[in-house]
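A.B. asks: Using the sequences provided together with the hints, build the complete structure.
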Amino acid sequence: MDLWQQTGAALAGMIRKREVSSAEVTESVIERMEEVEESIHAFVTQTAPSARAKAQLVDAGEQDFGPLAGVPVALKDIICTKGIRSTASSKMLENYVPPYSATVAARLEAAGMPMTGKTNLDEFAMGSSTENSAFFTTANPWDTSRVPGGSSGGSAAAVASGQAIWSLGTDTGGSIRQPAALCGVVGLKPTYGLVSRYGLIAFASSLDQAGPITRDVTDAALLLQAIAGHDPRDSTSLPGEVPDYGAALQGGIDGLRIGVVKEISGEGLQDGVRAKFQEAVALLEGLGAQIGEVSLPTFEYGIDIYYLIAPAEASSNLARYDGVRYGLRVDAKDVISMNSLTRATGFGPEVKRRIMLGTYSLSAGYYDAYYGKAQKARTLIIRDFARAYKDFDLLISPSSPTTAFRFGEKTDDPLTMYLSDICNVPTSLAGAAAISVPCGLASEDGLPVGLQIMAKPLDESTMLRAAYAFEQELAFSAKPPIWGAS
Amino acid sequence: MKDLVTTIGLEIHVQLRTATKMFCGCAVAFAGEPNSRVCEVCLGHPGTLPVPNEVALEFTTKIALALGCDIARHSIFHRKNYFYPDMPKNYQISQYDIPVGSRGAVDIEVNDTIHTVGITRVHLEEDTGKSLHAGTGGRIHGAEYSLEDFNRAGTPLVEIVTEPDIPSPDVARAFATELRAIMDYLEVSDVRMEEGSMRVDANISVAPTGERGTKAEVKNMNSLRSVYRALVYEEKRQRELIADGGPVDQSTRHWDEKAGVTKPLRSKEEAFDYRYFPEPDLVPIEPSVEWLRQLREEIPELPAERRKRLAVHAGPAAAAVLTSSKMIADFYEETVSAARKADPKQVANLVANDLLGLLAERSLADTAATPAHLAEVADLVAGGDISKSQGNEVLTEVLLSGRAPAEIIAERGISQVSDTSEIEAAVDNAIAENAGVAERITAGEDKPFGFMVGQVMKVTGGRGNPAMINELLRKRLRPEAR
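Chains as they are written, first to last, in the numbering used here: chain A, -2 to 483; chain B, -17 to 464.
These aren't lab readings, by the way, just hints derived from the structure by calculation.
For glycine and all other residues, C-beta sits at the position ideal for the given N, C-alpha and C.
Keep in mind that a hint or two might mislead.
[As the list claims (entries may be wrong)] Derived CB-CB ranges, DEER-like:
| # | chain 1 | residue 1 | chain 2 | residue 2 | range |
| --- | --- | --- | --- | --- | --- |
| 1 | A | Pro236 | B | Arg55 | 13 to 23 Å |
| 2 | A | Gln287 | B | Arg55 | 48 to 58 Å |
| 3 | B | Tyr64 | A | Ser36 | 18 to 28 Å |
| 4 | A | Asp(-1) | B | Gly7 | 31 to 41 Å |
| 5 | A | Pro236 | B | Arg278 | 51 to 61 Å |
| 6 | A | Thr376 | B | Leu346 | 26 to 36 Å |
| 7 | A | Gly443 | B | Ile122 | 53 to 63 Å |
| 8 | A | Glu238 | B | Arg278 | 29 to 39 Å |
| 9 | A | Pro46 | B | Arg55 | 48 to 58 Å |
| 10 | A | Pro236 | B | Phe254 | 36 to 46 Å |
| 11 | A | Gly58 | B | Ile122 | 51 to 61 Å |
[Unchecked claim] Calculated pairs, DSSO-like style, for lysine-lysine (alpha carbon to alpha carbon, straight line, at most 27 Å):
| # | chain 1 | residue 1 | chain 2 | residue 2 |
| --- | --- | --- | --- | --- |
| 12 | B | Lys62 | A | Lys349 |
| 13 | B | Lys240 | B | Lys112 |
| 14 | A | Lys370 | B | Lys62 |
| 15 | A | Lys349 | A | Lys387 |
| 16 | A | Lys349 | A | Lys370 |
| 17 | B | Lys370 | B | Lys429 |
| 18 | A | Lys330 | B | Lys112 |
| 19 | B | Lys323 | B | Lys308 |
| 20 | B | Lys218 | B | Lys245 |
| 21 | B | Lys245 | A | Lys373 |
| 22 | A | Lys259 | A | Lys88 |
| 23 | A | Lys349 | A | Lys88 |
C.D. replies: Structural data, given as structure tokens:
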């Protein structure tokens, strides 16, 4: 097996035991990137030279970087990296080089992980297919005529195609879980506040969270460990000790009460998705879990609530892109025209659509009916979850209603595209944790299907334990065709 | 026609004197090289987040407590959204429906009448940067180019809004003066209007008793004096409009200090919709009972109380001057305790008249004078060792050099001649030299008396005790008058 085909945990062990050097692993990943990037287009920026330098530093052994030292990583290009351009896949920030690093990037840097590149996304993380990138589309490694999902499509495709051992994505309403599902990898959205948002180019502040996209559950636990924990630079980051997620994997799920969410596990699903999900339920039952069905009626309003709250926050968060201090500037006769022209040129159509939606829902006279009401409904979703968690330890559903769709299939109809995240949005609104793990290939198209496991806020440990038990039992080993093309 | 009544409400912004900005670690200071106190947070770089300055929260809460406000047990920040090039994020983090403090009141005494001015709210927000629009007299519209300085961006700013309780420009000025003193006593702000660390905007309307007027908002008043002048002008303008039967337009007006008039500001694009919504990057402010108790204890004696206390010995007029700033009041009280001969009234006059007169525009803090110096001078004057004018001369030197009064007196040979025989000799001398003038005085002319005093003083080298010179001259030239 080539080095790039290994998991992060395996490589970290090998590097630690000096069976391989970080330089060899990093080189293997860079070579793989050179080999398949042409057909995948996962990266906005590749940073091989600085990754090599970092690997050498780790190999020199003068500093103890900790357990993940030397294993390369890729970051979604919405995560600010000091001295390395961070674009959010927007023309607005095409040449923006941040003067500082996001806390998550700084933590991985401090953990001795060479960063090999910045991955493509839907502009400002607004989208479910990565087709909204202002630069180029990213292909799904399983079928390059299909999308990788989004908005963290570049991160998921990089991991699935072997161009990254693991990566970080961000999830506002499914942007980690849905692409992970569509690319057949693991994606974990942490509890809101578990991971610092400092340095994540903001989309919707009350929802954004960074999290790992990995080849297996163990790697997800390890990478989460590396980024989780209080950050004084983020007032919304939670205090308290972070559990040992690696240790939490063991123990099985015998007796665990798992609820199947009725509203997002039946109607409206692609047949192959439903079939694989039902098999997953049976498998969990076989492992000793007590399965029951649970209804969370407010889930039906998830997308509506999300599309009032997220664009409202975005309309304010994106106001800073005005051409005055950094990023794109299109000169004009006066400041106001310069602002307008810069924004008209720098933002793509989906970003503009959401800014307009959000501006409208915050406007005087509409606030109560839209944004205000959505916030109230959001608390109803939280209550629905709380009620369900009285009877269950975890909740499950498919991670996405469909497998990967073709380029252009949903671009003409924003509403259909928005529905791609129907399974993911409720957990985001509740600020809770969720993970997507592969649960097989849909029979009709041979594309991966994801199982979404949802947990109470800060109960990542139970969630990871169930995901790990499921993964071990299923032993899903299929790889995209491009995997063997080395 | 019914009587016209003036109604004024003030909106006052006070920059807090914290070491660092509201949401980042940059230093707070005045002026300086443009964009030298900025970082990714206060420049609004992508991905940055605000972290509240706890000292600013503490200062704001103290202000609210000092103004008699209720303190919100759960207060939140909102975003106020609008585009302006000196606002880095194009939204201002401010407060909206739940400010730190609300429903307070301040009593203001003007011409022996007490006016209670209600405080609607006290809230905390961040300041903007500063724009310099070139080529159009400072307006953004049609500017040739604009320069931005973000040093001020993110400075903690407290907004204090009063109820429309103020009946006249006089009371408005008195309220603003009192508020400035309160901020000074709390040591939470420099409150320098000329530097913009205290900014006063006013809403003023005039209407027949019992009716509602149309208010004008007046901005750009850069001193307490201009607050008064602008409101007097605006009150008169509105009264004249009403007298002429014309309507008063609702408008925002700019005070032109030079011309002494208010001018309508170019109306902004349209009515602003700030799209306020709760700031998702921050968590609610929830002060604990214990913390509030501690802050209450830390609030010093405020100007009104101190004025009352000092008036007992110093008299009301001097007390008002002495308590206008905490530093002066402290200085006065320390001088009183250090003085051995001079009584509080004498010290009050020395501080309120001589010292503050000599300081003029300077601040006491910029001089080397100490209460011990002042006490020494006061004692020397009280004991008759030096005259009041000599005391003033010594003070001038103390302020300049910070040297001890005794040293200055010794060096300059300042001393008051109070020896009777020495002054008698000088009187004899002066009369001999100016016999003609002396005769006219004896004959009943008053005018030349001052001249003769001056002549005696000249003989003593300016050191004669003026009271004694007067007395002895009178004895010699008009013995029958006694």
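A.B. asks: Check each numbered hint against the structure and report the violated ones by number, ascending.
C.D. replies: 2, 3, 4, 5, 6, 15, 21, 22
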